[in-house]
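Chemist: Its first residue numbered 417, the sequence shown is counted upward by one per residue in the working numbering.
The set of hints was computed from the structure by calculation and includes no laboratory data. What you are looking at is a predicted structure, and each value in this text was computed from that prediction instead of being measured. Every residue gets a Cβ at the ideal spot worked out from N, C-alpha and C, and that includes glycine. Where hints are given, some of them may not hold.
[To be verified] What follows is a set of in silico ranges between Cβ atoms, one per label pair, in the way DEER data are often shown:
{"#": "1", "residue 1": "784", "residue 2": "710", "range": "26 to 32 Å"}
{"#": "2", "residue 1": "578", "residue 2": "761", "range": "36 to 42 Å"}
{"#": "3", "residue 1": "494", "residue 2": "576", "range": "27 to 33 Å"}
{"#": "4", "residue 1": "739", "residue 2": "507", "range": "25 to 31 Å"}
{"#": "5", "residue 1": "691", "residue 2": "817", "range": "28 to 34 Å"}
{"#": "6", "residue 1": "537", "residue 2": "463", "range": "17 to 23 Å"}
{"#": "7", "residue 1": "587", "residue 2": "471", "range": "23 to 29 Å"}
{"#": "8", "residue 1": "768", "residue 2": "644", "range": "48 to 54 Å"}
[As the list claims (entries may be wrong)] Quick list of in silico lysine-lysine cross-link-like pairs, BS3-like style, CA-CA up to 27 Å:
{"#": "9", "residue 1": "801", "residue 2": "727"}
{"#": "10", "residue 1": "691", "residue 2": "725"}
{"#": "11", "residue 1": "732", "residue 2": "694"}
{"#": "12", "residue 1": "713", "residue 2": "806"}
{"#": "13", "residue 1": "507", "residue 2": "713"}
{"#": "14", "residue 1": "694", "residue 2": "618"}
{"#": "15", "residue 1": "691", "residue 2": "713"}
{"#": "16", "residue 1": "507", "residue 2": "639"}
{"#": "17", "residue 1": "642", "residue 2": "559"}
{"#": "18", "residue 1": "705", "residue 2": "727"}
{"#": "19", "residue 1": "642", "residue 2": "713"}
{"#": "20", "residue 1": "542", "residue 2": "639"}
{"#": "21", "residue 1": "705", "residue 2": "694"}
{"#": "22", "residue 1": "732", "residue 2": "705"}
{"#": "23", "residue 1": "763", "residue 2": "801"}
{"#": "24", "residue 1": "705", "residue 2": "669"}
{"#": "25", "residue 1": "451", "residue 2": "503"}
{"#": "26", "residue 1": "559", "residue 2": "544"}
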Amino acid sequence: MKRRDILKGITLLPLTGVAGALVPSSSVFAGSRSKKRDLFNELGVTPVINAGVTMTFLSGSLMMPEVLDAINSTAHDFANMYDLQDKVGAKIAEMLQCEGAMVTSGAACALLLGTAACITGTDQAKIKMIPNLPVRPEVIMQKGHRYLFDQAITTTGANIIEVETPEEMEAAFNPNTVMALFFNAGDKTTIPHEDFVSICKKHQIPCFIDAAADVPPVENLFKFQKMGFDLVTFSGGKMIRGPQSAGLLFGRKDLIEAAKLNHSPHEAPIGRPMKVNKEEMFGMYAALKSYLERDHKKEWDDWLDRISKIKSMVEKISGVTGETHVDPGPANAFPSLHLSWDEQKVKISPKDVQEALRSGSPSIVTNLAGAQDKRMLSVGVVLLKPEQVKIVGRRVEEILKKAV
Numbered sequence: 417m418k419r420r421d422i423l424k425g426i427t428l429l430p431l432t433g434v435a436g437a438l439v440p441s442s443s444v445f446a447g448s449r450s451k452k453r454d455l456f457n458e459l460g461v462t463p464v465i466n467a468g469v470t471m472t473f474l475s476g477s478l479m480m481p482e483v484l485d486a487i488n489s490t491a492h493d494f495a496n497m498y499d500l501q502d503k504v505g506a507k508i509a510e511m512l513q514c515e516g517a518m519v520t521s522g523a524a525c526a527l528l529l530g531t532a533a534c535i536t537g538t539d540q541a542k543i544k545m546i547p548n549l550p551v552r553p554e555v556i557m558q559k560g561h562r563y564l565f566d567q568a569i570t571t572t573g574a575n576i577i578e579v580e581t582p583e584e585m586e587a588a589f590n591p592n593t594v595m596a597l598f599f600n601a602g603d604k605t606t607i608p609h610e611d612f613v614s615i616c617k618k619h620q621i622p623c624f625i626d627a628a629a630d631v632p633p634v635e636n637l638f639k640f641q642k643m644g645f646d647l648v649t650f651s652g653g654k655m656i657r658g659p660q661s662a663g664l665l666f667g668r669k670d671l672i673e674a675a676k677l678n679h680s681p682h683e684a685p686i687g688r689p690m691k692v693n694k695e696e697m698f699g700m701y702a703a704l705k706s707y708l709e710r711d712h713k714k715e716w717d718d719w720l721d722r723i724s725k726i727k728s729m730v731e732k733i734s735g736v737t738g739e740t741h742v743d744p745g746p747a748n749a750f751p752s753l754h755l756s757w758d759e760q761k762v763k764i765s766p767k768d769v770q771e772a773l774r775s776g777s778p779s780i781v782t783n784l785a786g787a788q789d790k791r792m793l794s795v796g797v798v799l800l801k802p803e804q805v806k807i808v809g810r811r812v813e814e815i816l817k818k819a820v
């Protein structure tokens, strides 16, 4: 019997089962609770206050307490990963009102797995052969939607075919076409969502939308599948505030099942190096549940209140003005504070303030906004812990005061 057959045959025992077999020995884990370690200090890593946006290089966002609880409460028992992915996926699909879902290692992994699913289906020979199929599959994309992450598509061995008009898209379909990808935050959309979906449906080819950073608003989690997209991906580690390395892939059940066959814990498919551990699966489930149940209006009002507090602190300095800016999206569509000042009165540039914040203690990361000749300091508030709001306001105020 093959190892994977043995693994797939294992069922999840109840936690109270057979002589407490799944109950961890207190002696095994006691040492880890004896003393709290400061690992940032131990490794010489500087903690950062993120007064910017959800960027992967800044470790995305901070997990909600209920996500940490889900991770910690499941870390001390084993689970059959086939069963867990199925059960978590079913619950996520229920929450998102779609046919199927799975947890991936980020949205980039979802792009690869979704593409692989469209290429292989459940064909084990193709799953084993990908990305070295004898004929390269083709994925249609709008030219204005090409972006860094479409390398996840070509990693499967697929070739990207660029189109600019509905007519070009119609002409691009051929026997090698396996999928069409829509980048929701693309700068130059020449084929709107509805037309894109309609053309794909006409040719009976799956359409996939990458909306990785496109919540809020929460409605976006449902919007694109209602439009008719067959596959949808969102990052789990951004504003949903799940594990940084987790993502969501959901949509048509047959494609989700094919994506699972291309992923861990299967032993050798293309997605095996992108495995998701059990804690991330539980954590992603808890994060999505928390996000859907959240009072989003209250959260938005809290963000505006944070902006008001920082604004009132820095506007005490003559020549400094702040304004609430809501990014139109679709990515990072939330409010931030844009600060500008008369550099004849406050003799420092926004870029120098940004650098002073970054290199100070605590280290605070902000962004710059506006045209090159009208730079502003963009202070993000959505990723701050409550106690960090005054810290950020005070540091900006100190730096600007010194420049008066």
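Chemist: Against each hint, give a clear statement of whether it holds in the structure.
Modeler: Hint by hint, here is what the structure shows:
no., hint, verdict
1, 784 with 710: 26 to 32 Å, "holds (30 Å)"
2, 578 with 761: 36 to 42 Å, "violated (50 Å)"
3, 494 with 576: 27 to 33 Å, "violated (41 Å)"
4, 739 with 507: 25 to 31 Å, "violated (42 Å)"
5, 691 with 817: 28 to 34 Å, "violated (51 Å)"
6, 537 with 463: 17 to 23 Å, "violated (46 Å)"
7, 587 with 471: 23 to 29 Å, "violated (38 Å)"
8, 768 with 644: 48 to 54 Å, "holds (49 Å)"
9, 801 with 727, "holds (17 Å)"
10, 691 with 725, "violated (43 Å)"
11, 732 with 694, "violated (50 Å)"
12, 713 with 806, "holds (22 Å)"
13, 507 with 713, "holds (25 Å)"
14, 694 with 618, "violated (39 Å)"
15, 691 with 713, "violated (35 Å)"
16, 507 with 639, "holds (19 Å)"
17, 642 with 559, "holds (25 Å)"
18, 705 with 727, "violated (33 Å)"
19, 642 with 713, "holds (23 Å)"
20, 542 with 639, "violated (32 Å)"
21, 705 with 694, "holds (17 Å)"
22, 732 with 705, "violated (42 Å)"
23, 763 with 801, "violated (30 Å)"
24, 705 with 669, "holds (21 Å)"
25, 451 with 503, "violated (36 Å)"
26, 559 with 544, "violated (31 Å)"
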